[in-house]
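Asks: Given the coordinates of chain R, assemble chain V with the ligand onto it according to the supplied hints.
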Amino acid sequence: MPPAVKKTSVSEDPQVYENLHVHEVYEKIAVHFSATRYKPWPIIAQFLSGLPEGWIGLDSGTGNGKYLPLPENNSVLVGLDRSFNLLKIARHAGSNNAVREVVRGDVLDSPWRPGIFDYAISIATIHHLATTQRRKLAVQRLLQAVSDSHGRILIYVWAIEQDELSKREIPVEDSTVSEKTTMGQDVFVPWNLNRQSTRSDNETQIFNRYYHMFAKGELIALVVEAARELGLHIGPRGRDQEIKQGVDIVQDGWERSNYYIELRRWKA
Amino acid sequence: MVRLITHNLLACHAKGCTSNNFPLAFSNVQIEIREAEFNPEFLKNFIPKVEWNALVDTARQLGDTSLPLEQPEMLDEEFLKSLHHVLLEIHVEEGVMTCPNCKHEYPISNGIPNMLLAEHEIG
Ligand SMILES: [Zn+2]
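From first to last, the protein sequence lines stand for chains R and V.
By the UniProt record's numbering, the letter at position 101 of the first sequence is numbered 101, and the numbering carries on one by one without gaps.
By the UniProt record's numbering, the letter at position 76 of the second sequence is numbered 76, and the numbering carries on one by one without gaps.
For the record, the hints were derived by calculation from the structure and aren't laboratory data.
Computed from a predicted model, the values in this text were never measured in an experiment.
Honestly, I wouldn't trust all of these hints.
[What the hints assert, rightly or not] The list that follows gives simulated cross-link-like pairs (lysine-lysine, BS3-like), each with its CA atoms no further than 27 angstroms apart:
1. Lys136(R) with Lys6(R)
2. Lys267(R) with Lys49(V)
3. Lys15(V) with Lys136(R)
4. Lys136(R) with Lys216(R)
5. Lys49(V) with Lys244(R)
6. Lys267(R) with Lys44(V)
[Claimed, not checked] To spell it out: a stretch of chain V is covered by chain R in this simulated footprint if at least three of its residues, at any positions, have a beta carbon under 8 angstroms from a beta carbon of chain R; those stretches are:
7. 8-15
8. 41-49
Note that CB positions come from ideal geometry on N, CA and C, so glycine has one too.
So here's chain R without its partners, still in its complex pose:
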């Protein structure tokens, strides 16, 4: 039975808050965390296997790099993460002999030539950012990292609406999960780390990781606002000659306790 999720609220500087409740936690639990993360979700696997040969992708918030081996035969996926300990694992994701491309950096930065990637994925990452402003900036970084003429993007975030199989108890009132709301819920998800102590008994250390659980409709609203601020038209390329560039929402939905959205950039 997974430990219960508790409500929280972000009261400090968001960068300081994320350092304490996201980055430091992953640095400490990296090895243990990685051992539990190996199954790719179907929609992500499908997205990665359908890419043209020679494409270069960015996995923004790669964690232990579990997606890095997937497009092996047809494209290269570069993993970006803040956690050095997770990146050391990600380097060899899939096999100890394998070498993966990984870069240490922040998902809110842009240490790349603009628009150089053909595609980008952001899986279970944006929900660790502590304000709407920062989550929107992370989406804008993805939009800027990919080609303005053909760049494809896939984003996954944790949903308030949980899978029955996950058995997690989510402390939200019924009113907050109504269709109308687009406000998510800030929570702590505990991670129990068993470590061999110097004495004979085991000690369990509990690390609380911060998550913003997304409400229904919140991800798509975030993406639309992020794209509009960059001057991008939302929707497929139409006949209107005035509209020079845009982003099409290819699909969006819910899969296994997560909301996802797939995007494609275009230029007239």
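Replies: Same frame as chain R, but now just chain V with the ligand:
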């Protein structure tokens, strides 16, 4: 791993550094050569994205002079093999990458380049 395929994508992102911020120059490097599977189709598709001068200069910094200064029009097997080696088989394990414009230094350790900036360096 920093291979030149990844290095060719990186640019300095320190505060105010927006032009001439690429390619980052290697120094004090430790290199390992690891064989990779030759995939000419992948290379042909990747070529349009390569910043050619940056790639050639960087390969020369690392002691590899197999690439021509001008990107050839004919993609013969010999050329593709050289390109394959430069992009995918040279691994920089340790070292420093320096921005040609603002001279900001990005260290590489355990094959992982660190592009994080301190709070006051973020643009
Ligand atoms: Zn610079």
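Asks: Tell me the numbers of any earlier hints that the structure contravenes, in ascending order.
Replies: none
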